[in-house]
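Colleague: Each chain, written out:
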Amino acid sequence: MTATQPAVGLRFMRLGMLALAAGLLFGVIGGFQFLFPEFLRELLFTKTRPLHVSLVVSWIFLVAIGGIYFYLPRRNNLKLYSERFAIWHYWIFVVTGLTILGCYLSGRFGGREYFEFPPVLSIPIFLTWILFGVNYFMTVRQDRAPWPVYYWMWGTGIVFFFITFAEAHLWLIPFFRDSMVREIMVQWKSYGALTGSWNMLVYGTALYVATRIGGDDKPARSKLAFGLYFLGLFNLMFGWAHHTYLVPSETWIRTFAYAVSMTELFVFGKIIWDWRASLETWQKNRHCGAYRFLFAADIWVFVNLALALVISVPAFNLFTHGTHITVAHAMGSTIGINTMVLLASIFYVIREEVPEEIHAGCSRRVTVGFWTANVSLAVFFVALILAGIGKGVYAGGSFQEMMLQIRPFLLLFTISGVTLMLGIWIVLWNAYRLIGTVDEPAAEASAQPELA
Amino acid sequence: MSAEARYGQQVFQDYNCIACHQFYGLGGYMGPDLTNVMSNRGEAYTRAFIAAGTATMPNFNLTDDQIAGLLAYLEFVDRTGTYPAENYQVKWWGAVAQEDDPR
Chain A
1 MTATQPAVGL RFMRLGMLAL AAGLLFGVIG GFQFLFPEFL RELLFTKTRP
51 LHVSLVVSWI FLVAIGGIYF YLPRRNNLKL YSERFAIWHY WIFVVTGLTI
101 LGCYLSGRFG GREYFEFPPV LSIPIFLTWI LFGVNYFMTV RQDRAPWPVY
151 YWMWGTGIVF FFITFAEAHL WLIPFFRDSM VREIMVQWKS YGALTGSWNM
201 LVYGTALYVA TRIGGDDKPA RSKLAFGLYF LGLFNLMFGW AHHTYLVPSE
251 TWIRTFAYAV SMTELFVFGK IIWDWRASLE TWQKNRHCGA YRFLFAADIW
301 VFVNLALALV ISVPAFNLFT HGTHITVAHA MGSTIGINTM VLLASIFYVI
351 REEVPEEIHA GCSRRVTVGF WTANVSLAVF FVALILAGIG KGVYAGGSFQ
401 EMMLQIRPFL LLFTISGVTL MLGIWIVLWN AYRLIGTVDE PAAEASAQPE
451 LA
Chain B
1001 MSAEARYGQQ VFQDYNCIAC HQFYGLGGYM GPDLTNVMSN RGEAYTRAFI
1051 AAGTATMPNF NLTDDQIAGL LAYLEFVDRT GTYPAENYQV KWWGAVAQED
1101 DPR
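Chains A and B, in that order, are what the protein sequence lines are.
Every letter in the first sequence is one number past the one before it in my numbering, and letter 397, counting from 1, is 397.
Every letter in the second sequence is one number past the one before it in my numbering, and letter 52, counting from 1, is 1052.
Treat the hints as calculated values from the structure; they're not laboratory data.
Take the hints with a grain of salt, since some may be wrong.
[Stated by the list, open to error] Pairwise CB distance ranges (calculated):
1) GLY1094(B) to VAL94(A): 38 to 48 Å
2) THR1063(B) to VAL310(A): 20 to 30 Å
3) TYR394(A) to ALA1052(B): 24 to 34 Å
4) TYR394(A) to PHE1049(B): 19 to 29 Å
5) THR1063(B) to GLU38(A): 43 to 53 Å
6) SER1002(B) to PHE256(A): 43 to 53 Å
7) ALA1068(B) to GLY436(A): 49 to 59 Å
8) ASN1040(B) to PHE319(A): 11 to 21 Å
Glycine included, each C-beta is placed from N, C-alpha and C at the ideal position.
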């Protein structure tokens, strides 16, 4: 192993933190544009929305990928199959990402929702996933012991990202594009499964960090953990149709999706819950940064589970679909669950790699950021639900009138969005600074073996 | 889909209209759902909005060809179904069958 290997993972993590910081800013600008359409008219909502979404999704992928690139060589003693692939992965990501941001800022679109950039830019993204996939599987195959579940989850996330990202481009083929219903079903099937694929990467990371903090690999090798994995895989493949309940389709598709939905989150929550109950106090204190972020993720799992169950019932979905309740669910998942898990991963790395900063994860500043972010997210979440209910029950025919009625909730959503951004910025500032102090050559020298 | 509607679909994507609007409730929430805008509001009303913009939606200074393409595309979308569903049946276990579902 060389010093470069763990360093590549840290580089991904730091880039991810910058992406989140910028993505939150564009989200706040978009929130103000919702209320005041004249606000920053040069930067239309058609630009701020894809900038916000792309940067925040990049944060999720970058930190999950960075964790894998870091943990395998650094803490699992598995030599990366190809450092060169990892470095190429990073730089292709940077160049493609900057090109996409440039396209958005200059108003050059051409793609579909969530991949609004000109479709030719998807080619380098495909390439990076080939590099990552080859590198990952060739690296973990060195581990001859039965794989813990997080290896399977990470591998599944990589394979299914590749499949679903390809599927999201089927609209380029006239057979799909020429039928609105077929095309919208395929598009949302791919998005639903793509979210499942990144959840595999994130949940794998959560289990990895949880087992490391607990000093016991059993939770990642238990029947329950593998049960979660297969349930997640089942959901990834078949649970997407709750996005398209209101698109004309065979009724059985809707009913089937209803039956499959959201069991995955329950099991995930149970595993983390069981793990926390078994932790000794000293382990909580030793990893208080990572622990508190996993704890927050756990709470958000249950909150999101409750909402997801309600909106997955087709009879309720009739009224919640196309309202801000869907946004509440998306924000609760990406910020409450994914972001909290990934921050836990970052603080785990800091705790292990920067021993002189024992209390960094629970410093006053990080504590202030943690609580500001979580309380703000709760207000943000409730404001979106109230706005969604307002939209869902509005019986008139005027869109503007409906928007006026829900304006107080949108105002609350925007204000809490600002404090949410500030809270996460405080956490990120401290994490970014500390990750930068990780001594890479020393990290190599003190590499630790895989848990028994 | 006609060639004009396909052109309109590309214009819709080139200006990222889905950032603010939806089809079948899928998309951004800053503007209204456009699934049935042609049958609910009519072509003249829709054309006027696209051509002139509003307090919320800027005037994108589209050419006549682009506006005609967008209208053809919206007409195409309009014929695919109804949103929100008007005639539906809720089963006792919470499932829903809609009038526009394939039989």
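Colleague: Could you see if the CB distance from TYR394(A) to ALA1052(B) stays within 24 to 34 Å?
Modeller: 26 Å, holds
Colleague: Between ASN1040(B) and PHE319(A), does the beta-carbon spacing fit 11 to 21 Å?
Modeller: Holds: the Cβ-Cβ distance is about 19 Å, inside 11 to 21 Å.
Colleague: Go ahead and decide if the range 43 to 53 Å is satisfied by the Cβ distance of THR1063(B) to GLU38(A).
Modeller: The hint (43 to 53 Å, Cβ to Cβ) is violated, given that THR1063(B) and GLU38(A) are roughly 25 Å apart.
Colleague: Could you check the hint for me, namely that THR1063(B) and VAL310(A) are 20 to 30 Å apart, CB to CB?
Modeller: 46 Å, violated
Colleague: Can you let me know if the beta-carbon spacing of GLY1094(B) and VAL94(A) is within 38 to 48 Å?
Modeller: Since GLY1094(B) and VAL94(A) have Cβ atoms about 47 Å apart, the given range 38 to 48 Å holds.
Colleague: Would you say the C-beta atoms of SER1002(B) and PHE256(A) sit inside 43 to 53 Å of each other?
Modeller: 34 Å, violated
Colleague: Could you tell me whether the CB distance from TYR394(A) to PHE1049(B) stays inside 19 to 29 Å?
Modeller: Once the Cβ atoms are compared, 20 Å apart, the range 19 to 29 Å for PHE1049(B) and TYR394(A) holds.
Colleague: Kindly confirm whether 49 to 59 Å is satisfied by the beta carbon distance between ALA1068(B) and GLY436(A).
Modeller: Once the Cβ atoms are compared, 55 Å apart, the range 49 to 59 Å for GLY436(A) and ALA1068(B) holds.
In summary, the structure is inconsistent with hints 2, 5 and 6 from the numbered list given earlier, while agreeing with the others.
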